[in-house]
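There are 2 protein chains.
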Amino acid sequence: MKQSQLFGKTTFEIPKDETSTNAQLLIRGGFVDKLMAGVYTYLPLGKRVLWKIENIIREEMNDIGGQEILMPALQKKEDWQTTGRWDIDVMMKVKTFFDKEYGLGWTHEEVVTPLAKKYIRSYKDFPFSVFQIQTKFRSEKRAKSGILRGREFSMKDLYSFHASEKDLDRFYDEAKDAYFKVFDRVGIKDQTYLTFASGGDFSKYSHEFQTIASAGEDTIYICDKCKIAVNKEIIEDLKNSCPKCGNKNLKEEKAIETGNIFKLKTRFSEAFNFKFIDENSRENIVLMGCYGLGPTRLMGTIIELSNDENGIIWPKSIAPYQVHLVSLGKDKNIINESVKIYKSLQEKKIEVLFDDRDESAGVKFKDSDLIGIPLRIVVSKKTLEKDSVEIKERQKKNFELIQINSLIEKIKELL
Amino acid sequence: MKQSQLFGKTTFEIPKDETSTNAQLLIRGGFVDKLMAGVYTYLPLGKRVLWKIENIIREEMNDIGGQEILMPALQKKEDWQTTGRWDIDVMMKVKTFFDKEYGLGWTHEEVVTPLAKKYIRSYKDFPFSVFQIQTKFRSEKRAKSGILRGREFSMKDLYSFHASEKDLDRFYDEAKDAYFKVFDRVGIKDQTYLTFASGGDFSKYSHEFQTIASAGEDTIYICDKCKIAVNKEIIEDLKNSCPKCGNKNLKEEKAIETGNIFKLKTRFSEAFNFKFIDENSRENIVLMGCYGLGPTRLMGTIIELSNDENGIIWPKSIAPYQVHLVSLGKDKNIINESVKIYKSLQEKKIEVLFDDRDESAGVKFKDSDLIGIPLRIVVSKKTLEKDSVEIKERQKKNFELIQINSLIEKIKELL
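Protein chains in written order, with the numbering used here: chain A, 1 to 415; chain B, 1 to 415.
So here's chain A without its partners, still in its complex pose:
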């Protein structure tokens, strides 16, 4: 992509109405635009990142047998009344001109449970799981954390269905592992802790995935021995100790809830009377689990963790482009050589953003740091005198001079 044609522009003005680091950097880098509080447009650079995050999540969900579906955002009032959740604050309510009323989905138990009930009758049909990557809506009164907590946001929600508690437990552990694979692939595994939290009405504890970040709205207590954490909401119940080893020397941290998994058990299958026929021809109630992971929140979290005073530092796996090719100077020769390199990278299927704009070196370098692409390659009069380009990793201070004819090799080595 030629940067001169890229829709969305960098800016060094700090958006007045945004206090969060993620929103400030995303807006300044031309990744997102804020339409209103909690509601953002993803510009081409931002859409590419989001797409990559969603694909990583998709692959890991497929890997544990999740089947991708797409449920609607518009939901039936009656189904939410069945579970007693129609009047929960977070629900946005929709009205049509002919006075039909819908709920706007902030979660999908009220859709997926009656849906599964239509197709599943026998123990032979278990276990199974379905997931979607879909837009959700939440009536958040305060929406001040950028894309960490939007009124409209992308969510991966997976639902699993089981004939026995043992099988639910087995799948639940597999999902836990899949979540850590996602966190690993997007570069935040080391900062992310499986965290014990309140289980609500129907389970002693639930599990969240909390990622340590100063921007986090949650407080957690980490046990360094077990590499797990406890949410503040239940730390007193646990007498300030680790639920695994009893360690009382826990470390307090601010954290972002990047995912949660929950044994719903029979909460929704009972509400919708979702039963199956077991091996002995007896009716049994279905057991369920749900597993949430928000791509947009994950994107915001990664930025909160991976930035410096100059801008974003994207992990390679989700960077909008792998290479930022920066051409300096107006000489025909420089332009021609830059275009040649641009084309050769494209031929090798290396994702490249080509800064072909008529701007100063200072502006181009500042923009490049702000956008945060992993590798920066500079073509200038000086480098071309040595048949070379400068190559620099975003997180490093120093660049290296590389012969143009060994550039592709060098890039592949660094990516």
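This list has only true hints and no planted wrong ones.
Below, computed lysine-lysine pairings styled on DSS-like, alpha-carbon distance capped at 25 Å:
| no. | chain 1 | residue 1 | chain 2 | residue 2 |
| --- | --- | --- | --- | --- |
| 1 | B | 343 | B | 330 |
| 2 | B | 34 | A | 76 |
| 3 | A | 2 | B | 118 |
| 4 | A | 95 | B | 77 |
| 5 | A | 77 | B | 144 |
| 6 | B | 343 | A | 124 |
| 7 | B | 34 | A | 95 |
| 8 | B | 100 | A | 100 |
| 9 | B | 144 | A | 100 |
| 10 | A | 77 | B | 16 |
| 11 | A | 189 | A | 227 |
| 12 | B | 93 | A | 100 |
| 13 | B | 2 | A | 166 |
| 14 | B | 93 | A | 141 |
| 15 | A | 2 | B | 124 |
| 16 | B | 93 | A | 76 |
By construction, these hints were calculated from the structure, which means they are not laboratory data.
Take the given structure of chain A and dock chain B to it, following the hints.
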């Protein structure tokens, strides 16, 4: 994918509340589930088809320089008041518990125009175009055409921006061509006509793409000489003649509007006072075009055109799987050989649905025709005696016996 594990089941019951062919076949084939009138869940098979259609559209929009973004569904009341469209019937309105009101997007001129205005100032920035593939909402009083006209549906909307009318005209023609490439790739080009329709307030005519189908809600008049059509709404204005050649011998047909393109010109740029500085440092108003194409409607249209009394006949480019591998009989040998073939197809990256269910040949064949995958391969005791399988194209009556060791070659020849 093993069919025994596939979420969503076929049924030969005709859904009582669906009169449209597309919805009946999609529900019976296990592609979609109806949540309520005009609102559907896409099950794994349906999601795969939708995904492929969206990708074809995406590729063609990228090809004419469209940059992919993602705008929100929640929209600002004030922006819709600016253009005078807030109180249009089709708008669904959203309320939060803290009494904030939003519009739910059925189109995005009210978002994209102020958005572009933020980034574009100079003639050097033109032309450019952005598109999204996103979920839209419409308050349709009657929603009886299955996925042809939903209350919630997928839409590709592209918006182009120009410094001159000449450039708008140029891009408009390119978009027209891109649309025909999409129709070609999904197999409905021959039935699809560029159709002159009413231009509304600000243009004499607009163009629609109308695909001939008995389920269509529109009536068009086709000029066989020019291969174009005229929408009924303007045929009297045109004195019942072709706008190109004057031919009065036009053929009346029912048709589905599968796409539309529109020169918005200054309708929205004026409303939002979106100007740019031209080469002579003068302020000028921006010109715009918009281009709609709905993946879900396209999916419904294809089914309306491509089916027989037994079920759907998917074009290869968008079929959920390329091969339906059907195993008949409970012999260990048959099962083992079928699994071997299943694995070898997967290794060759041929998309295969493997009917490994414990069902009769009759049930399996009926299901296979209903689901409509392009190639059916049958493994049975009889075929294995000759080291062979039966291969049959969905739209053909006869099958061919093929040696297993030349199966891959044969599949590649037919796909």
